[in-house]
Amino acid sequence: MADFAVSSEPNGGTGSSFTAAPATQDSFKHRLPDGETQRPWSGRYGIDSGDRRFSFSRNQSFKPQLLRNDSCIGTGNSVRNRSVLYQMASVLLAVRSGNRQVRRLALLISLNVAYSTVELMIGLLTGRVGLVSDSFHLTFGCGLLTFSLFAMTAAQKKPDGIYTYGYKRLEVLAAFTNALFLLFMSFSLAVEALHAFIQDESEHKHYLIVSAVTNLLVNLLGVWFFRNYARVNIAYRKAEDMNCHSICLHVLADSIRSAGLVLASWLLSLGVENAEVLCLGLVSAAVFVVILPLFRATGGVLLQQVPANVPTSAFNKCLRQVTALEEVSEVTRSRFWELVPGRAVGSLSILVKGGENGHSVLHYVHELYHDLGIQDLTVQTDHV
Amino acid sequence: MEERTTPSSQVIEVNIDVTPGMSSVAGNKICGGAACDFSDSKNSSKDAKERSASMRKLLMAVVLCIVFMTVEVVGGIKSNSLAILTDAAHLLSDVAAFAISLFSLWASGWEATPRQSYGFFRIEILGALVSIQLIWLLVGILVYEAIVRIIYDSGKVQGSLMFAVSTFGLVVNIIMAMLLGHDHGGHSHAHGGFGHDHDHAHEHPDHEDSHAHDGHDHNLEHGEEHFHCHGVSVTSHHHQHHRHNDVKEPLLKHSGDHSTSKSASEGTKEHQRNINVHSAYLHVLGDSIQSIGVMIGGAMIWYKPEWKIIDLICTLIFSVIVLVTTIRMLRNILEVLMESTPREINATMLEKGLCELEGVIAIHELHIWAITVGKVLLACHVTITPEANADDVLDKVIGYIKREYNISHVTIQIERQY
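These protein sequences, in sequence, are chains X and L.
One point on numbering: in the numbering used here, the residue at position 295 of the first sequence is 295, and numbering is uninterrupted.
One point on numbering: in the numbering used here, the residue at position 260 of the second sequence is 644, and numbering is uninterrupted.
Isolated chain X, as found in the complex (with noise of 0.2 Å):
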């Protein structure tokens, strides 16, 4: 942390860190424009490297804490409401333009439409509700993935006036829309259950065996796109890995569903009583427990939680430091929550004992934090 020549002299003081020219230069560019490039590791609060919850980043191009850019309020290119139409230009443009993830989520989405369609034509021809409800089903869940490529190609716009934050926000709330619509899922799968275990006819409707294997196809194919995320449990780095995340549960909990279905016809072939009431149960519990993580993720980065990859001891320890100072009698309002996951923001208020040295402190507490990975930090220093 060269930069840094913390200087406690009173006003007079050098300041050589501080120029004038700062105000400016790149001000319009967000603050990180590598993106979210990955980051080494610091084991510097004794987490051990082994346990990838627990990880947190060190920015790489780091620059003076203080020489900040211009808020974006003042760009001028803030429109709320672009029309629908705009959007979904910019949204074709951006995947024909968009990097590996994005153009294989836009073919899923084309596959699982173009299947739907299919089958909803043949349903409607032949008059089998069960055809029909099942391309309501893909439907509902293409809309979803659309929505995700949308939350995608969205995310890589800068920030402006409205959205001081930039987009990237966008990816968690379509990774949250998924998991809920997961949640509702299973949900029903048990009612669904609950249902067949009641009327206890098993009107099997066979014909949905060639629908449910090739449902099953397609998914598997997005499974395999995504197969990066096929776990259950990650450590979210960047944005999108929520994101992407997110879509491959939902197409893995749409696999499971289809190989349940199948399942149930298969066994009740073989005459296994109540197999179909087993069936749904399995995949509806099967899916619960898969979506679940994701879900509490998402959720707490959306409640303004505190950044999970930071433990509650780092940040004490980090309160103690500051109140440590000879300077601060104490920190108060110290508030933090996460942008998106490898992107973390606070505030805090602290009271200064005396002395223009309020300029030390803030260089001490911002490079503090920083370590911690919270790279926008606000801090408000009251003079008692």
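For the record, the hints were derived by calculation from the structure and aren't laboratory data.
Treat each hint with caution, since some may be false.
Pairs of lysine-lysine, DSBU-like flavour, derived with a Cα cap of 35 Å [said to hold, decoys possible]:
{"hint": "1", "chain 1": "L", "residue 1": "736", "chain 2": "X", "residue 2": "157"}
{"hint": "2", "chain 1": "L", "residue 1": "780", "chain 2": "L", "residue 2": "430"}
{"hint": "3", "chain 1": "X", "residue 1": "158", "chain 2": "L", "residue 2": "736"}
{"hint": "4", "chain 1": "X", "residue 1": "353", "chain 2": "L", "residue 2": "780"}
{"hint": "5", "chain 1": "L", "residue 1": "736", "chain 2": "L", "residue 2": "780"}
{"hint": "6", "chain 1": "X", "residue 1": "158", "chain 2": "L", "residue 2": "780"}
{"hint": "7", "chain 1": "L", "residue 1": "759", "chain 2": "X", "residue 2": "353"}
{"hint": "8", "chain 1": "L", "residue 1": "759", "chain 2": "X", "residue 2": "317"}
{"hint": "9", "chain 1": "L", "residue 1": "462", "chain 2": "L", "residue 2": "692"}
{"hint": "10", "chain 1": "X", "residue 1": "238", "chain 2": "L", "residue 2": "759"}
{"hint": "11", "chain 1": "L", "residue 1": "780", "chain 2": "X", "residue 2": "317"}
{"hint": "12", "chain 1": "L", "residue 1": "736", "chain 2": "X", "residue 2": "353"}
{"hint": "13", "chain 1": "L", "residue 1": "759", "chain 2": "X", "residue 2": "157"}
{"hint": "14", "chain 1": "L", "residue 1": "780", "chain 2": "L", "residue 2": "433"}
{"hint": "15", "chain 1": "L", "residue 1": "688", "chain 2": "L", "residue 2": "462"}
{"hint": "16", "chain 1": "X", "residue 1": "158", "chain 2": "L", "residue 2": "759"}
Given chain X, put chain L in place with the hints provided.
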């Protein structure tokens, strides 16, 4: 932070309580408990009152819903009609939505913990989001059912029964809508600066009208001057209060740049109805719209039993209408969740105003966001001239923001330019 009138002297007091002296009252609390800014004594009692009023309303709605649902279930089993049972299932979904809203309301009052440094206010928003997703899900299920009915072509549909059941459902929904949306309808404009009167309005419905009219007249005649008095409870001091405004110089000075805050306060007062109650209200509204659709369909089928396709068409049309009613609220929720600058705050003017303050050179990293509808936070870095007094500028900035934009949760980092 709040301006009060004392009945005796008609003096308007402005309290800005962010000075260092005050924060030591908070003690060495890191973030927790009642000393947290979000729940200092004045705010928390007001919050708690609003919250318990909303909870009471929702509780009544839930009880009513359950009663009607049991009536329908009993009736449906007795008359062996599937239509009535499905309507009962629909009421069950209403109960679920109310339960979510109730839980969100209750949970948002929990105190802050070390992991939730801002408290649990966001739960309201997430609960409302889940509620709206439920509405969309139900609409989807209804459309699906309508299509299935067409395909299955299951014999004759009894138009009369459809009509009767849906009328009953409509009446139930209208009762609940009136219960939930009690302070809605007409008064939201007149309530300009009197939003805090809401609790007052519950207990004295007869007073409400007189206040609204007085307030309205005043607003018409005297444009912006009233909107400073956000926290004032003007139950009986209308006229004296108003006269006093003419005399008070410093207040009038600001009336010029208050054209924005007028629309701002009107905007915020609409939000004063708790977002969870509002989402439950939307749910009930959606149900009544659907019931109207089914009524129309049932009447037509009753009249001409061959027109079964009407059922599907009606369902589709009215489903779209229901979805459209939820869009506005969904947009508000999304904006809060995306940490965007709230609509009622004009950020460019705020930044300009701050820059014009004495001693301020530039503003950096200005972020304004809301933790829930109505609770706005602000954080920014202010660069000051080498000679300025940091404390002074800090006080001025915080005072300006509180006065003009009524944002009380402010964190300012003062940086001196050497």
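Checklist entry - Are there hints from earlier that the structure breaks, and if so, what are their numbers? => result Violated hints: none; all satisfied.
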